[in-house]
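Based on these hints, arrange chain B with the ligands on the given structure of chain A.
Listed below are the residues making up each chain.
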Amino acid sequence: MAHALRTRRGLGRWAQTWAGVATVLVLAELASRTGLLPQRYFPPVTEMFTALFAALGEPWFWLATGQTLQGWVLGLGIAALLAVPAGMLLGTSVVRYRAFRAVIEFLRPIPSVALVPLAILVYGAGLESKVFLAVFAAFWPLLIQTLYGMQDVDPVAVDTARAFRLTRAERITRVVLPGAVPYVATGLRISSSVALILAVTAELVIGSPGLGREINAARVGGAADLLYALIIVTGLIGWGLNSMFAAAERRVLHWHPSQRGAR
Amino acid sequence: MLEVNGLSKTYGEGERTTRALAELSFTVAEGEFVCVVGPSGCGKTTLLRCMAGLLPPTSGSVSLRGHVVAGPPEQVGFVFQEYSRSLMPWLSVRDNIALPLRHKRLGKAERTRLVEEAVESVGLTGFIDHFPWELSGGMQQRVAIARALAYEPEILLMDEPFASVDAQTRADLEDLVLRVRKDYGVTVVFVTHDIDEAVYLGDRVVVLTQPPTTVQEVLAVNLPEPRDQVETKELPEFAHLRAHVFRAIKRRQELRPAT
Ligand SMILES: Nc1ncnc2c1ncn2[C@@H]1O[C@H](COP(=O)(O)OP(=O)(O)O)[C@@H](O)[C@H]1O
Ligand SMILES: [Mg+2]
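From first to last, the protein sequence lines stand for chains A and B.
In this text, residue positions in the first sequence follow the numbering used here: the first is 1, and each later residue adds one.
In this text, residue positions in the second sequence follow the numbering used here: the first is 1, and each later residue adds one.
Please keep in mind that the hints were generated in silico from the structure rather than gathered at the bench.
A quick note: this is a predicted structure, and the numbers were derived from the prediction, not measured.
C-beta atoms are modelled at their ideal positions from N, C-alpha and C, and glycine is treated no differently.
Treat the hints with caution; some may be incorrect.
[Said to hold, decoys possible] Label pairs and their computed distance ranges (CB to CB):
#1 B:Glu13 / A:Arg101: 22 to 32 Å
#2 B:Ala70 / A:Ser93: 14 to 24 Å
#3 B:Ala163 / A:Thr167: 25 to 35 Å
#4 A:Val156 / B:Val68: 23 to 33 Å
Pulled out of the complex, with its shape left as it was, chain A reads as follows:
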């Protein structure tokens, strides 16, 4: 009985989501077909999806998608390898934190896009530039989240560990780090979006190979339907990656108040 109810409610929510999506798509289609929006810049949704399905059959499309994802994964991966240990080092020592805080507060607000000329100068227009920008942008949220996570450890938990004579190394690996994992997970999710944004930005602005460059090419070629199709693809990739991280969080952080009962 309770199960049936839950299923029906689950179905209901699913139906609501799709009803919303469908409404927007139908309205957009009508707006374009009736000429409310100029078709030259805003083709009907059906045409966008026709172009999208056509692109799915093209090797260049998959190559570009792979290149964008390559920039994303390298950017996020390198940022994680640098930011998480750095956050751990800074988060476990007040002295180190004080020493580097000013540097961090200066570098963090720099918009990554401001580094585009530098990236071109140093790395040219290829993959390296894209990865460099993605790493720079993805580094900060992860560093800050890791740092907060390490600092937000419950003093009672640390006292408990000390009272039961856990060594300093054990206190860090068994108490501080597990407590910081939710913060790191949030940082990863934020940095993942940021890395994707910067990968596409680099492709658009510098012309690094990938979906961003293909979007530009579609514009130059006057293929508005393909332009939108590719924009939709970048959106779907962002949504997919985010869902992936959210699902991983539900598994790993099942003990955390934000995830309890979500299994």
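Same frame as chain A, but now just chain B with the ligands:
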């Protein structure tokens, strides 16, 4: 066994200091159950943290079997007032209890036995693979007690362990502590602000004053064993003792100049 000698603790430096403990001395004998009672904010947690080697005293010392306590001694198990924060939410009941046993150089079987025995003695056998946050407050505090017991301490330090559970649970947990104290043959220092609880549980009661805190009085409790929530509390001696402690705390308050 445990000796508190002229212990004082002042927090902070310069202008902004809090004198939490003025000068405290008392002893705890082997196997004894000593309750420390005093009003909120009088420095009970500070005292217990000094005794556990978690906090260095400003002056004076705590000695365990003649050795000055400089860090957490291995003979001491601690039960914190904030049970939910003292248990790791990412560890099951079993893993929480096993966490402090890593250093005990035990075989796997021995470790499992210690954990399961402790869980059984606090009456949580069916919950060993649950997570702490799946349990009620009283049950969480049982887990914390089991963790301290599995550690096989000679001395159990308990900081207002039942201050935030309901009355019925509290009575059950008080009797649980009296029982495991016998089963495990452990010396207990039990801090509370509740006079009834101190008199009910203790062999002796150390009454603290308001800050700057000193020992107001040490009282022997000669109530018959085993203690019983109904019968013991009906005894005229019980009423007498609790009135005595109450007056001791109150008298001291009246001696203080009004501010
Ligand atoms: N870490 C600390 N820093 C500064 N003052 C503290 C600290 N811990 C406790 N105090 C102060 O010391 C006094 C005694 O606190 P505490 O030992 O927690 O009392 P109790 O446990 O009896 O309620 C209080 O006035 C409290 O504000
Ligand atoms: Mg306290």
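Going through the hints against the structure:
Under the hint 22 to 32 Å, the C-beta atoms of Glu13 of chain B and Arg101 of chain A, about 23 Å apart, fit the expected range. In this structure the supplied range 14 to 24 Å holds for Ala70 of chain B paired with Ser93 of chain A, their Cβ-Cβ distance being about 23 Å. The hinted window of 25 to 35 Å between Ala163 of chain B and Thr167 of chain A holds, with their beta carbons roughly 31 Å apart. Roughly 26 Å separates the CB atoms of Val156 of chain A and Val68 of chain B, a value that falls within the hinted 23 to 33 Å.
In summary, the structure agrees with every hint in the numbered list given earlier.
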